[in-house]
Amino acid sequence: NAGVTQTPKFRILKIGQSMTLQCTQDMNHNYMYWYRQDPGMGLKLIYYSVGAGITDKGEVPNGYNVSRSTTEDFPLRLELAAPSQTSVYFCASSTDGQRPQFFGPGTRLTVL
Amino acid sequence: AQSVTQLGSHVSVSEGALVLLRCNYSSSVPPYLFWYVQYPNQGLQLLLKYTSAATLVKGINGFEAEFKKSETSFHLTKPSAHMSDAAEYFCAVRGNTGGFKTIFGAGTRLFVKA
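Quick note, the sequences are listed as chains A and B, same order. Quick note, our numbering runs 20 ahead of the 1-based positions in the first sequence. Quick note, our numbering runs 46 ahead of the 1-based positions in the second sequence.
Isolated chain B (complex conformation):
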């Protein structure tokens, strides 16, 4: 079984500051991990994915995430926040063997202050 915990339902940063959104997962099999972004009144878009290749994954819009098995974490970072990054971010997990159901975290809303 898989589960996802996103720490912090809201995160606020200043423009130009580091963005760090936390995600911890639980999986009984090696996981596939995803970050999705949702802009207001839109559906989710894939930001990046980890599928057991490189542990540091680069995504769109300057975001990246590092898979740390020992910490069961997949935190999302961006060195310098931009106003356009304000959105809700969802971490998701699915097992890489059999089945396909993707479990989504509760989401973290990112606010970017000018």
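So here's chain A without its partners, still in its complex pose:
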């Protein structure tokens, strides 16, 4: 049982480039989340999904897109990378909205 896995672990992008952060969970969780973590700021919710085919915006969705075609996968897309998107990105999942979340190891993204 791998839990929540994220790839890549690290990435450097140039301004204007695009990329997809991958997230997969093998716990058959319905709920999945994307957060960004900036120093001293805690975690901010970017997007979330309550099941395959259903996604919605969190607190800071601008500049990002998501899709949820399967229960297992919840990729996060950055279309036009900006320096403000330099952060550590965490994917998480939970059985439902009331259960604690399980987190992946994170992706450290730098935009130069």
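Simulated from the structure, these hints should not be mistaken for laboratory data. Quick reminder that beta carbons are idealized off the backbone N, C-alpha and C, glycines included. You may find that some hints are simply not true.
Unchecked claim - Using 27 Å as the maximum straight-line C-alpha spacing, the simulated BS3-like pairs for lysine-lysine come out as follows: (1) B:Lys114 x A:Lys29; (2) B:Lys115 x B:Lys95; (3) B:Lys147 x A:Lys64; (4) A:Lys77 x B:Lys95; (5) B:Lys114 x A:Lys64; (6) B:Lys114 x B:Lys95.
Stated by the list, open to error - If you want the ones that stay clear, here's a sample from chain A, every Cβ over 10 Å from chain B, calculated: (7) Pro28; (8) Arg31; (9) Ile35; (10) Asp46; (11) Leu100; (12) Phe122.
Using the hints provided, position chain B relative to the given structure of chain A.
Same frame as chain A, now just chain B:
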């Protein structure tokens, strides 16, 4: 609406000393409260949770937290710090009626001195 305030971005204790990490919350409905721990270069792990049962909650690694409604607090304690406790700790809150969004505090980094 919910919010969380963690008092102190950094806390330093000696090995064997009491650990006290402070968390105050604001919630318009009865809350669920969580403490998560993040070790360097890792994701967050659940340490313990309060879901309206016992007000004193015991978690992993000897940590516990007490829900005090009158003080709107959910402070995390451990009687004796160990070097392996050095990490960042996050308090989080969500409402227990409808919705599910979890609000995280800014985090407190715990340093343990030998």
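A quick look at each hint next to the structure:
1. B:Lys114 x A:Lys29: violated, 39 Å
2. B:Lys115 x B:Lys95: With Cα atoms ~15 Å apart, lysine 115 (chain B) and lysine 95 (chain B) stay inside 27 Å; holds.
3. B:Lys147 x A:Lys64: holds, 11 Å
4. A:Lys77 x B:Lys95: holds, 26 Å
5. B:Lys114 x A:Lys64: holds, 26 Å
6. B:Lys114 x B:Lys95: This hinted pair holds, its Cα atoms lying about 14 Å apart.
7. Pro28: holds, 14 Å
8. Arg31: Arginine 31 (chain A) is indeed farther than 10 Å from all Cβ atoms of chain B, at 15 Å.
9. Ile35: holds, 26 Å
10. Asp46: holds, 15 Å
11. Leu100: holds, 27 Å
12. Phe122: Label violated. Min Cβ-Cβ 8 Å, cutoff 10 Å.
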